[in-house]
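> Residues per chain are reported as follows:
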Amino acid sequence: MLANWKLKEVVLMSLLAVVFGIIYLVFLHVGNIWSSLIGPIAYEWIFGVWFLVSIVAMAIIRKPGAAVIPEVMAAAIEVLLGNAVGPRLILTGLVQGLGAEAAFAVTRYRRFDLPVLILAGVLASVFSFGYGYLLGGFSALSPWYVLLMLGIRILSGAVIAGYGGGLLVNGLYATGSLRGYAIARQKRDARV
Amino acid sequence: MSTWLHRLNPSIKMLVTFVFIFALAFYFDPWTPLLMFGAVLVVQVLFSRIDWKRWLMLMLPFALGAVGYFWTTYVFGTAEDRLDTALSLSFRVFAFSSLSLLFVLTTSPMTFIMSLMQQLKLSPKLAYSLLVGYQFLPVLKEEFIQIRQVQQLRRPQHNQTTWSRLRSLPTVAIPLLAGAVRKAEKTAFAMEARGFTGSRERTYFHEVTWHRFDFYFAALLTLIFSLCLVVGAFL
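So the sequences go chain by chain: A and B. For the first sequence, position 44 matches number 44 in this note's numbering, and the numbering has no gaps at all. For the second sequence, position 27 matches number 27 in this note's numbering, and the numbering has no gaps at all.
Think of the hints as simulated: they come from the structure by calculation, not from any bench. In this text, all values refer to a predicted model and were calculated from it rather than measured experimentally. It is possible that part of the hints are untrue.
As the list claims (entries may be wrong) - Far from chain B, some chain A residues (derived; all Cβ distances over 10 Å): (1) 6; (2) 119; (3) 188.
To be verified - To spell it out: a stretch of chain B is covered by chain A in this simulated footprint if at least three of its residues, at any positions, have a beta carbon under 8 Å from a beta carbon of chain A; those stretches are: (4) 12 to 22; (5) 31 to 40; (6) 43 to 51; (7) 101 to 108; (8) 136 to 150; (9) 199 to 210; (10) 218 to 224.
Backbone N, C-alpha and C define an ideal beta-carbon position, used for all residues, glycine too.
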């Protein structure tokens, strides 16, 4: 799978995973404190934050796997930093990453514009909700409450991960540091 | 730090915790997760030295989350015995956390990644990149503080509420990420210059193995879980 990857792309994924892994942990604690007041729905509106690395890494590297692998790596970094969600986070990361990856796979890794990034955020939300439904025991809650949670999560995935991730990538592109990656090559080719 | 739990193979330890976390997801009575929480904690006390301060610090945020779980399930639940289900879901948070802390507090990051590569066949390219990222953590943390301080110098009127700190995260993130991209390029060059190919046919300086203790551990947890089920069914 990684045969035609350059080492610098793999290391980049890992460093992105570290930066976002730290952000993820910060938001995990924000979510935990909130959730003691308003229950598990507290996580929903910030859920998009946890999909960011998939979208940022994929928009830069543009290769199959560039969404799911960094998400799993970010989860691994969170585990290495130590927190009480523990190794289970790696599975969470895998499910979320596969959701984002699905959006890019459907467009055959040819489009990386805003609508596709937003679709990736939405699919990551849907995938992760299915997983959360099982582990969180949401089946014990009334259906309208579960639907409300799902709705907020999809919105959060679309806005924070899709739109916000797009903004981050554009900001990063403007700094000129992405010159050696697929995003710069494809933008150059598009201009010629 | 070399207790019985520390010496277990990290990959096997991880897979075992996965199995029981998924097994617990199918139970909605309050006793099974509560007993599991207690039993796992006992295992950890018996077979390793717990740093209680760290344990409490890591547990506290999830204890808060469990409170939220309790009242949400109680208010919005559909089951007939809502109190039982609500208690069960909040004890589930505790049971999950104890299993996770059993792993987190007894596993060294380096051994964990080495074991992922040697036992679970994670690609060396990924594994060593992950180690690189892990090594960069303190550097990135320092840079994060530096960037924030510079931005505060430029905008001294910025008051430090939690909300404003969260809102300023994107303006801190872009320079931090740009620095990370440059570090990735330099590090990859350095690794290749030293002959790193990422091929699977390689030798390991740090070899991780597994022993019969790993099976004893899996068997012990299976026994504990079955006991929790039986006792939980009677209570």
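> If a hint holds in the structure, say so; if it doesn't, say that too.
Each hint tested on the structure:
no.	hint	verdict
1	6	violated, 7 Å
2	119	holds, 22 Å
3	188	holds, 17 Å
4	12 to 22	holds (count 5)
5	31 to 40	violated (count 0)
6	43 to 51	violated (count 0)
7	101 to 108	holds (count 4)
8	136 to 150	holds (count 5)
9	199 to 210	violated (count 0)
10	218 to 224	violated (count 0)
Checked against the numbered hints given earlier, this structure breaks hints 1, 5, 6, 9 and 10; the rest are met.
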